[in-house]
Amino acid sequence: TAQDALFTQFYYTPTYINPSFAGTGKNNLRLSAVTKLQWFNLYKPFKYFSGGLDYSIYDYNQRNVLNLGLLANHSSKGGLGNTNVFGIVGRSFGTDNEDCSNWFLSLALQAGICFTNVKPNEYIFIDQLDQTGITGDASQVELFKTANSKSYFDFAGGGLMTISDFMIGIAGHHLNQPNASFNGKPEDGKIPRKYTAHISYRKEFESITIKPTIMGMVQGKSNVFTMGTLIDYYDFPVEFGLWYRNAVGVS
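The numbers in the numbering used here rise by one with no breaks, and the one at position 226 of the sequence shown is 543.
Just so you know, these hints were derived from the structure itself, not from any lab.
Beta carbons: idealized from backbone N, C-alpha and C, even for Gly.
Please note: incorrect hints may appear among the correct ones.
Calculated pairs, BS3-like style, for lysine-lysine (alpha carbon to alpha carbon, straight line, at most 30 Å) [unchecked claim]: (1) LYS343 - LYS467; (2) LYS528 - LYS364; (3) LYS528 - LYS394; (4) LYS394 - LYS343; (5) LYS436 - LYS353; (6) LYS467 - LYS511; (7) LYS353 - LYS364; (8) LYS520 - LYS343; (9) LYS507 - LYS436; (10) LYS507 - LYS364.
Pairwise CB distance ranges, derived in the manner of DEER restraints [said to hold, decoys possible]: (11) PHE442 - LYS538: 25 to 31 Å; (12) LEU348 - LEU383: 16 to 22 Å; (13) TYR377 - LEU346: 16 to 22 Å; (14) PRO362 - PHE522: 39 to 45 Å.
All chains should be modelled from the sequences, with the hints used to inform the complete structure.
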């Protein structure tokens, strides 16, 4: 099993963290994207990308009718590639132009299909080595002889709520625990569920706004704790962030 990719600038792809962020942007339509290059000194560095769009639909009383989203993720790790495409459907409550309440609730479901492929020629197997090094012979290992690609369905859900200047949210990914194994054995390739919880606070000052956030993620044997803050400047289109992340029990 393995864990999902972690992005340092996770706030630039909110629906990757929690599908219930769909439709909660300042504008009806929001585009988001983030990318990551890990261990770039390797022959083939690990590459990650997540991008999405979300759109909110309101009636004539400015009550939310529907939130829609599209999320695409891609990773390339040596000879292993993975591409996921998800659709998001949700709804928000607490919006009304006649009664602007101090609370807001958003719920969403996410479903999609994932494609994984492997390039066996990118790997060196044990029967291609001898005492002098790489033999140059073709491998007879049958690990990827029958299949070097895999597709599977994946499901997630989440919710978030704001009360005054506080926001709390929870999300669950891989709820159906899909089997991503190339050899078809569920015990070898079942993706562990990922649970996320986050809480944020918004404080406005004369020229800046700060948004301190605490977030925790649990997936299999991986436990990740993140805390920090964003700083928005009113006079300039600039945003600064200061974050600390601690991974506990990764194996």
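Flag every earlier hint the structure violates by its number, smallest first. Failing hints, ascending: 1, 3, 4.
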